[in-house]
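Student: The primary structure of each chain is shown beneath.
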Amino acid sequence: MYSVSRVSSNIFYTLLSMLSMIILWQFMSMIINKSYLPSFTDVIEKLCENLLSGVLIKNSIISLTRILVAMLISLILGFSTGILIIWFRAGFVNNFIKMIVFVTYPIPHVALLPILFYFFDIEWSKIILILIISFYPITLSIIEWSSRFPRELSELIYIMGGNKLDLFKYVIFPSSLPGILTGVRISFNTAYAVIFIAESLVGSNGLGYLIYYYWQILDFKSMYSAIMMLSILGLSTYLVLVYLERKLLKWLY
Amino acid sequence: MIIIDNVDFSYDKKNYIFKGLKAVFDPYKISVILGPNGVGKTTLLKLIAGVLSPIRGEIRIFGKRPVELRGKIGYIPQLNGLYPWMRVKENIELPLRIRSEDPSKISEIVNKVAEKLSIEELLNKYPKQLSGGEIQKVQLARALISGSDLFLLDEPLSMIDIDYREEIIDLLKKIVSTNKSTIIMVTHNIEDVLELGDKVYIMRNKPAEMIEIQKELVNRDNLQKLYRGLNV
Numbered sequence: 001m002y003s004v005s006r007v008s009s010n011i012f013y014t015l016l017s018m019l020s021m022i023i024l025w026q027f028m029s030m031i032i033n034k035s036y037l038p039s040f041t042d043v044i045e046k047l048c049e050n051l052l053s054g055v056l057i058k059n060s061i062i063s064l065t066r067i068l069v070a071m072l073i074s075l076i077l078g079f080s081t082g083i084l085i086i087w088f089r090a091g092f093v094n095n096f097i098k099m100i101v102f103v104t105y106p107i108p109h110v111a112l113l114p115i116l117f118y119f120f121d122i123e124w125s126k127i128i129l130i131l132i133i134s135f136y137p138i139t140l141s142i143i144e145w146s147s148r149f150p151r152e153l154s155e156l157i158y159i160m161g162g163n164k165l166d167l168f169k170y171v172i173f174p175s176s177l178p179g180i181l182t183g184v185r186i187s188f189n190t191a192y193a194v195i196f197i198a199e200s201l202v203g204s205n206g207l208g209y210l211i212y213y214y215w216q217i218l219d220f221k222s223m224y225s226a227i228m229m230l231s232i233l234g235l236s237t238y239l240v241l242v243y244l245e246r247k248l249l250k251w252l253y
Numbered sequence: 254m255i256i257i258d259n260v261d262f263s264y265d266k267k268n269y270i271f272k273g274l275k276a277v278f279d280p281y282k283i284s285v286i287l288g289p290n291g292v293g294k295t296t297l298l299k300l301i302a303g304v305l306s307p308i309r310g311e312i313r314i315f316g317k318r319p320v321e322l323r324g325k326i327g328y329i330p331q332l333n334g335l336y337p338w339m340r341v342k343e344n345i346e347l348p349l350r351i352r353s354e355d356p357s358k359i360s361e362i363v364n365k366v367a368e369k370l371s372i373e374e375l376l377n378k379y380p381k382q383l384s385g386g387e388i389q390k391v392q393l394a395r396a397l398i399s400g401s402d403l404f405l406l407d408e409p410l411s412m413i414d415i416d417y418r419e420e421i422i423d424l425l426k427k428i429v430s431t432n433k434s435t436i437i438m439v440t441h442n443i444e445d446v447l448e449l450g451d452k453v454y455i456m457r458n459k460p461a462e463m464i465e466i467q468k469e470l471v472n473r474d475n476l477q478k479l480y481r482g483l484n485v
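Taken in order, these protein sequences are the chains called V and G.
So the first sequence is numbered by this note's numbering: it starts at 1 and just counts up by one.
So the second sequence is numbered by this note's numbering: it starts at 254 and just counts up by one.
What the hints contain is simulated information worked out from the structure, not anything from laboratory work.
Take the hints with a grain of salt, since some may be wrong.
[Claimed, not checked] Capping the alpha-carbon separation at 20 Å, the derived lysine to aspartate or glutamate pairs in EDC-like fashion look like this:
| # | chain 1 | residue 1 | chain 2 | residue 2 |
| --- | --- | --- | --- | --- |
| 1 | V | Lys164 | G | Glu321 |
| 2 | G | Lys426 | G | Asp279 |
| 3 | V | Lys169 | G | Asp355 |
[To be verified] Partial list, computed: chain V residues near chain G (C-beta under 8 Å):
| # | residue |
| --- | --- |
| 4 | Pro150 |
| 5 | Glu152 |
| 6 | Glu155 |
| 7 | Tyr158 |
| 8 | Gly161 |
In this text, a Cβ means the ideal position worked out from N, Cα and C, and glycines have one as well.
My request is simple: use the sequences and hints to build the entire structure.
Tutor: Next comes the structure, spelled out in structure tokens:
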């Protein structure tokens, strides 16, 4: 079980590492003394200013909405694909879908962005890029997790008089839940990196665009404040997902 | 009576595990099948349980086909067959939930079985918190709760320590004597046969053959010889 002392020890080390990085940042900015590395305190001041003006909030909501819509669709697609592969343990359907997933996985999906612009409008091409990138960790993680449990657990459901619905309810879904949550966590991580690329390339809103824009006009303090905002969103999502994992997967911890 | 009549079985339709396998298991007894690993003991249990189907021949359990008895057979697999994401209580009550039993009754039945097997304090734990012996007791509770007349046990004593061994052996004997149940159990351990076998069978060769050992021939030396493929 996840003990209180372990939680407080984790919090202690997280705070300690953050504090060390802040000190190092402040120290480096004093030594380098260039506009492209403003001090931590200056960036925090700018962050507060941009938060109060609403510019960071507005663009955070835009970026977050794109990520959440992409993630939701990707979760539905990834879950369905994973379940199909598990359901048809062997045979044509299993091998066919698995091969499609494995063959298309190594493609550098970010490079598809220019092509997506031709097929969809600017807004949806960004969402679909995140969707494609998130799909793989979710699907692969579901397949990986559910294959960890012996076949006997499925057979037992039939011996107990169960049907395919019982198999899904009592075995397939709970055994793939850790895979879903791990996949979603990895996907969110990647999504925050991809949203920067997608928004900075095309469009006129979102945190990615904001970072690019401030960089172009050499407003480094604002640029850092937008990067910090994106990091705060990333960290918050990560913490929420870790909390959900601990809550829903008590049997693992 | 459980009848295995001329059963052929193969996983790949090339290498046959069984070809014309015949056996009869008596009711209300513990029948123990002894054989080396990989000979087909687990496959036979799965055929009787109805999760595998013979290519040829048939299996009759008290006159019925195995699929007709789904939900009425207590099966304990060789590996830990408890669902790791369910607490012990949820694992035990699973056959009743699948049968859509009245939820208010489920708790009562679970508590009764738990008391019988002295596992009340385990009910809120997860399987990973249990020892080998505790896992077997919980699996036994789950098999008992389905109200089975037939129990199929795959190496039930293999992963338990000495303290639990005697307890499980007593429980199995009690199930047969008081519940009027039938147990078919497979093992590769001669000690299990000597302690539990009312009827003893040897499974050997490929495709596997099964020989019933006469009661007067069941002793350690003979079983060792038969296990190694020799005759007595």
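Student: Of all the hints numbered above, which does this structure not satisfy? Sort the numbers upward.
Tutor: none
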